[in-house]
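Can you build the whole structure from these sequences, using the hints too?
Numbering (the working numbering), first residue to last: 2 to 50.
One or more of the hints may lead you astray.
[As the list claims (entries may be wrong)] The calculated label-pair distances, taken between Cβ atoms and stated as ranges, are: (1) Trp-21 to Pro-47: 36 to 44 Å; (2) Pro-47 to Gln-27: 33 to 41 Å; (3) Pro-47 to Glu-23: 13 to 21 Å; (4) Glu-16 to Gly-48: 32 to 40 Å; (5) Asp-26 to Gly-48: 36 to 44 Å.
Note that these hints are calculated values from the structure, not bench results. Glycine included, every Cβ here is placed at the ideal spot set by N, Cα and C.
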Amino acid sequence: MAHRRLSIDRGTDHEGLILWFEDEDQEPIQIQTKPSINLTWYLKAPGVW
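Have a look at this one:
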């Protein structure tokens with residue numbers, strides 16, 4: 002099973018939050034919340050989908 006990691010960095014005021022979605026066998030995907038992306042997500046306990 003592949004391991005996945007989510008890292009959240011606090012960038013500058015212009016960058017906002019920087020989210021890194023990383024798999025052990027792939028390059029990380031980066032999403033910045035500023036200046037124009039708004040993200041909403043719901044967190045659930047494992048197995049509660």
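Evaluated hints:
Separation of Trp-21 from Pro-47 is about 21 Å and departs from the stated range, judged on CB atoms against 36 to 44 Å. Separation of Pro-47 from Gln-27 is about 22 Å and departs from the stated range, judged on CB atoms against 33 to 41 Å. Distance hint for Pro-47 and Glu-23: a CB-CB separation of about 19 Å, consistent with the stated range 13 to 21 Å. Between Glu-16 and Gly-48 the Cβ separation comes to about 34 Å, which falls inside the hinted range of 32 to 40 Å.
For the pair Asp-26 and Gly-48, the supplied restraint of 36 to 44 Å is violated, since their beta-carbon distance comes to about 24 Å.
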